[in-house]
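Given the sequences, and given the hints that come with them, work out the whole structure.
The lines below spell out each chain.
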Amino acid sequence: MSEKIEFTEDRLKKVEEIIGRYPADRKKSALLPVLHLAQEQYGWVSSATMDYVAGLLDLQPVEVYEVATFYTMFHLEPVGKHVIEYCRTGPCSTMGGEDVYDHLKQKLGIKSNETTSDGLFTLKEVECLAACGWGPCFQIREKYYMHLDNQKIDEIIEDLSK
Amino acid sequence: MASDIKILTDKINIPGIETFEVYRKNGGYAAVEKAIKKMSPDEIVEEVKKSGIRGRGGAGFPMGMKWSFLAKPEGIPRYLVCNGDESEPGTFKDHYLMKNIPHLLIEGMIVSSFALGANKSFIYVRGELMYVIRILEKAIEEAKNAGFLGKNILGSGYDLELVVQPGGGAYICGEETALLESLEGKRGNPRNKPPFPAIKGLYQSPTVVNNVESIATTSWIINHGGDEYAKLGIGRSTGTKLISASGHVKKPGVYEIELGLPVEEFIYSDQYLGGIREGHQLKAVVAGGSSVPILPANLIMKTANGEPRLMSYESLSDGGFATGTMLGSGGFIAMDETTCIVRNTWNFSRFYHHESCGQCSPCREGTGWMEKVLHKIEHGHGKMSDIDLLVDVAKRIEGNTICPLGDAAAWPVGSAIRHFRDEFEWHITHPHEATQKGAVFMNKSILV
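Residue numbers (this note's numbering), protein chains in the order written: chain A, 1 to 162; chain V, 1001 to 1448.
No lab work stands behind these hints, which were simulated from the structure alone.
Some hints could be false.
[As the list claims (entries may be wrong)] Straight-line C-alpha distance at most 35 Å; calculated DSBU-like pairs for lysine-lysine: (1) V:K1186 to A:K81; (2) A:K13 to V:K1099; (3) A:K28 to V:K1120.
Dropping the structure here:
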């Protein structure tokens, strides 16, 4: 809890720009974009971060907590350097997802919601990523990885491990 | 007969079409010029009404009628919100459209906002698609620099600002009132209706919420006229539709079809899906996104009366839920004989349980029970009475919730049991066999 949360200059400017998108009395609309900014900087959203965001947007901390805990994209626990979010929903499974993800777990030696001991990878199961016909798929931050097979997974993991 | 006319994707493969320059050179933004310089807002609404286009997000409500409900009290701003939350499993058409040809949506947003009298409009995009959000933001910047957005567009005195809003990974925000709550910076809990968004929507102001594909179509309607659009398609299913195809087909992907195309042609012709993967047969199809009823292969090809099934709102729903389904969002998931329907139904149930906002007890509790019971059957611990228990829980959810997520969770379960009951029974009577990896109950009579 003692961690000091403060956005970089660039991000503070971005916050101002985001607030300016909405009517003056509707600052709260900036909450989701600002939480995304926070996660971009810190990798996850701690309660100290939520308090800081509440301060930026003149909100009660609870207004931030209830939102951050509702939307599953926000990591409420520390995560590894690369968070692999793989789609577990029907179409990806139909396209062969289950076997491919088994391989991924084996390759990393972890299960879902775990982080590798070197802190490099965290694995998360997510619901449909709107890439069904291009599945099986996962995303790491903003990047989509599609048409996955075992070989592709090996390449991606080895590449990111360098 | 369905043609291969393309009105949304005809230019999608032109190199550089994501840039303003190339889009403009290929006739882009002509609809904005025509709408703003030559038409009144009411005339635009009239053209959209004449087109007969129905909401492409899944519900299929006539778009022109939705627009005409918008309240216009003096001195209160009105909003247009584009629904780009696209989270219905099986659906990835808006993703495809926005990332490849972002200006088509921006152009449609300008035309539509002008028609509705909105000076600030929002495009709400699911947060996972942050890279698409950046593509849209760049396109908006380009359109602004060219004078198509911002103050005094094309010297008309009309001002418009477009804002792209990221979601946070919640399926429920595809429901329009949940989306509005989310846009206001709150949890995505759907609102009670009435009041409808057309009266009290975003910030308690009159609001229209339309899907990406619907809005992207308005440019063509303005350029060619509503009557021309209405000539496409079949009956009350006018125009073209983007279909997102996934599953065991040779060529999964996004296809623009003229409504009325026979399902059989869509699946088997080389122009579209190219058939089922080599050496396999079609077992079942979910035609319109995970929430619509699943149909066995024989019923997706032909209606109960033996008529060829067409890709249209009416033909797909022919026979009601007893023997039909829905066009929905156009999320077309094809499954061959290697698919375990019980496992697939459990997977979908887990999805709805995960995505229920928890506001209404029938959905919050019911989705959890359906997932648990299906998990039990799939893993070899089911009882015969569980099948009727599932039907009972699904019935108690359906129609008893604030928003349609409850129905969306109930229909896949109800339909899977309706059409594949023997498969559920086999899991219960053969728990050892059914839990072997890759084991599937085979009923050859339904394969096509």
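Q: Assess, step by step, whether the Cα of K13 (chain A) is no farther than 35 Å from the Cα of K1099 (chain V), and give holds or violated.
A: Given pair K13 (chain A), K1099 (chain V) holds - Cα atoms ~27 Å apart, limit 35 Å.
(Q) Check the hint pairing K1186 (chain V) with K81 (chain A) against an upper bound of 35 Å on the C-alpha distance. (A) holds (29 Å)
Q. Taking only the CA atoms, is the gap from K28 (chain A) to K1120 (chain V) under or equal to 35 Å?
A. holds (17 Å)
Checked against the numbered hints above, the structure breaks none of them.
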